[in-house]
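Protein chains in written order, with this note's numbering: chain H, 1 to 262; chain A, 1 to 263.
Hints may be right or wrong, so weigh each one.
Computed from the model, here is a short list of chain A residues facing chain H with C-beta under 8 Å [stated by the list, open to error]:
| id | residue |
| --- | --- |
| 1 | Ala27 |
| 2 | Phe42 |
| 3 | Gly52 |
| 4 | Tyr58 |
| 5 | Phe103 |
| 6 | Phe133 |
| 7 | Gln135 |
| 8 | Leu178 |
| 9 | Gln215 |
| 10 | Tyr244 |
Since the hints were made in silico from the structure, they are not lab data.
Where a beta carbon is used, it is the ideal one built from N, C-alpha and C, also for glycine.
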Amino acid sequence: MRRHFQVFRAAARASIEDYISQPLWPLFLTITPFAFALVGVVLYKDAPRAVFALYVILGSGAMGMWSSTLDGAGYSVGYDRIWGTIQYTFITPASQLWIMAGRSLIYTAVGLLTLVEILIVTALFFGVQLTIASPLAFLLAALLTFLAFAVIGLLLGSFFMLTRVAGHWQNAFSYSLYVFCGVMYPISVLPGWLRPVSYVLAPTWSLEAIRMSVNSGVLGDPRYLTNLGLTLLLLALYVLLAWYLQRVVEHRVRVNADLERM
Amino acid sequence: MLRQLALLQRTSVIVFQALYSWLDPTAYIIIKFVVPFFQMSFFVFLAKFTLGPDKLAYVAIGNAVQFVAFNTLMGVAITMSGEKWFGTLPVLLTTPASRLLMFTSRATVHVLDGMMGAVIGLLYAGLFFGVSFAQANLLTLVVVLFFASLTLTGLGLIIASLSLFIRDVNQIMNVAYLVVFLLCGINFPVEQLPVWLRPVAYVIPLTYGIEAARQSIAGAPLAAVGNQLLVMFILFLVEGVLGYYLFLQFERLAKRHGTLEVF
Numbered sequence: 001m002r003r004h005f006q007v008f009r010a011a012a013r014a015s016i017e018d019y020i021s022q023p024l025w026p027l028f029l030t031i032t033p034f035a036f037a038l039v040g041v042v043l044y045k046d047a048p049r050a051v052f053a054l055y056v057i058l059g060s061g062a063m064g065m066w067s068s069t070l071d072g073a074g075y076s077v078g079y080d081r082i083w084g085t086i087q088y089t090f091i092t093p094a095s096q097l098w099i100m101a102g103r104s105l106i107y108t109a110v111g112l113l114t115l116v117e118i119l120i121v122t123a124l125f126f127g128v129q130l131t132i133a134s135p136l137a138f139l140l141a142a143l144l145t146f147l148a149f150a151v152i153g154l155l156l157g158s159f160f161m162l163t164r165v166a167g168h169w170q171n172a173f174s175y176s177l178y179v180f181c182g183v184m185y186p187i188s189v190l191p192g193w194l195r196p197v198s199y200v201l202a203p204t205w206s207l208e209a210i211r212m213s214v215n216s217g218v219l220g221d222p223r224y225l226t227n228l229g230l231t232l233l234l235l236a237l238y239v240l241l242a243w244y245l246q247r248v249v250e251h252r253v254r255v256n257a258d259l260e261r262m
Numbered sequence: 001m002l003r004q005l006a007l008l009q010r011t012s013v014i015v016f017q018a019l020y021s022w023l024d025p026t027a028y029i030i031i032k033f034v035v036p037f038f039q040m041s042f043f044v045f046l047a048k049f050t051l052g053p054d055k056l057a058y059v060a061i062g063n064a065v066q067f068v069a070f071n072t073l074m075g076v077a078i079t080m081s082g083e084k085w086f087g088t089l090p091v092l093l094t095t096p097a098s099r100l101l102m103f104t105s106r107a108t109v110h111v112l113d114g115m116m117g118a119v120i121g122l123l124y125a126g127l128f129f130g131v132s133f134a135q136a137n138l139l140t141l142v143v144v145l146f147f148a149s150l151t152l153t154g155l156g157l158i159i160a161s162l163s164l165f166i167r168d169v170n171q172i173m174n175v176a177y178l179v180v181f182l183l184c185g186i187n188f189p190v191e192q193l194p195v196w197l198r199p200v201a202y203v204i205p206l207t208y209g210i211e212a213a214r215q216s217i218a219g220a221p222l223a224a225v226g227n228q229l230l231v232m233f234i235l236f237l238v239e240g241v242l243g244y245y246l247f248l249q250f251e252r253l254a255k256r257h258g259t260l261e262v263f
């Protein structure tokens, strides 16, 4: 376990160094969700302040985390391929799963920048501020949302190793999660036949828990606890799936010898 | 002249194929069918919740027509940085080939494929989001889509020219697309923008294209959108000439500074 943690820490540190070497990169990673959140700002401008804060401010944070996670997962595989380093990460005894986990966590954290950007814009230009009545409940739900995105990034990292067009898949996945998880609207807006997809995505539940936490006395609320419980359950399933997928993918790319194919 | 046109056609097709790595059509299918569906869905559902069901058509049509930008802004812009990325740019620019041909071939096929993107978007709008085409004037719509696609290439070519001199033009391209996406009246009318931002919207041809497309779906004849088409064409000429001028200038600068291969 200590060995895995070392790999995790090294991957996280390498990702941080990547960002430091390109200081504008985090801004570029979050610019799309920021622009989309600005569309939300305009569309929600006549909505009650509380609704605005719930969907625009919190939604932009979720979009930023997701976009950054996805871009990071896709780019890290893509750049490893381009620079010719991908085969070295495979011939070391380090687990790919832990390498990806270290990277994924940092990418997700960088995505929180969108939340900061939108908080500033909405406070300065619209006078809207986010008030959290249950800070502990908020922190718990936010932490789970953060983990949910990071673990989905971990899952997709395996998939990106199999495809030449990871960048294009990134875009498709990014929009699909915005649609299904209800980042900027409640999932009741979706047609009934689409909602089952939302139900199997952990961020759907954790985002709902975050929205509930702006009210007071939420910690003991059974609906809040159910949202957290479902998020945790799905997270556990994702981790198992990521572990299994990683083994399958690793075996497959070694057999097919197509890891460096661009 | 005919020889030049044949050369333009061959070069355009090669440039287009290279962009999508046509050995594998997956990239094309994702960009043309999958991404537009989800992007449009997100904004349509957002509008449904915030503005109500009667605004769905407005947002769906706006999102459908802006898919021309995937090709004529981003696709065109990326062709030059692609040459740089794969190391073919210095070779390309040491040949005596016509720069005008080189420049225009970046955009030609994208104009048609951009139209195709908008048609796919409109198909989604009709099939999934209840946009009715019963009143549509199809001739006007086709002409408007052609103009919307053609005229945005001017902006795409300006950005493509930048990649001769700037290290990484892809981020500029993304920002340009987002500016177009925010300002062109796709999800809300231009009049809702702050006054100081509106002039930017009015120099982007797509602003007029989207409005003209909405009118043609409501049944407007070609003459009714004539003014918009004219403005779009004038903007295209201005931006195209500016793009070509920048292309020549940046080539000269990049050769002088030895930065053609920097990325």
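Exercise. With 8 Å as the cut and Cβ atoms as the points, is phenylalanine 103(A) at the interface with chain H?
Worked result: It is violated, given that the least Cβ distance between phenylalanine 103(A) and chain H is near 26 Å, above 8 Å.
For this session: Let me know if the C-beta of phenylalanine 42(A) comes in closer than 8 Å to any C-beta of chain H, holds or violated.
Result: holds (5 Å)
For this session: Closer than 8 Å between Cβ atoms is the bar; does leucine 178(A) clear it against chain H? Give me holds or violated.
Result: holds (4 Å)
For this session: Have a go at the glycine 52(A) hint: is there a Cβ in chain H nearer than 8 Å to its own Cβ?
Result: violated (11 Å)
Exercise. Against chain H, with CB atoms and a cut of 8 Å, does the hint on tyrosine 244(A) hold up?
Worked result: Check failed: Cβ of tyrosine 244(A) comes no nearer than 28 Å to chain H, outside 8 Å.
Problem set entry | Interface hint for phenylalanine 133(A), Cβ within 8 Å of any Cβ on chain H | Not OK, violated: phenylalanine 133(A) not within 8 Å of chain H, min 21 Å.
For this session: For the hint on alanine 27(A), just tell me whether its beta-carbon gets within less than 8 Å of chain H.
Result: holds (4 Å)
Exercise. Is the interface hint for tyrosine 58(A) satisfied, with its Cβ closer than 8 Å to some Cβ of chain H?
Worked result: violated (11 Å)
Exercise. Does glutamine 215(A) pass the interface hint, meaning its C-beta sits closer than 8 Å to a C-beta of chain H?
Worked result: violated (22 Å)
For this session: Hold the hint about glutamine 135(A) up to the distance rule: shortest CB distance to chain H must be less than 8 Å.
Result: Check failed: Cβ of glutamine 135(A) comes no nearer than 25 Å to chain H, outside 8 Å.
Checked against the numbered hints given earlier, the structure breaks hints 3, 4, 5, 6, 7, 9 and 10 and satisfies all the rest.
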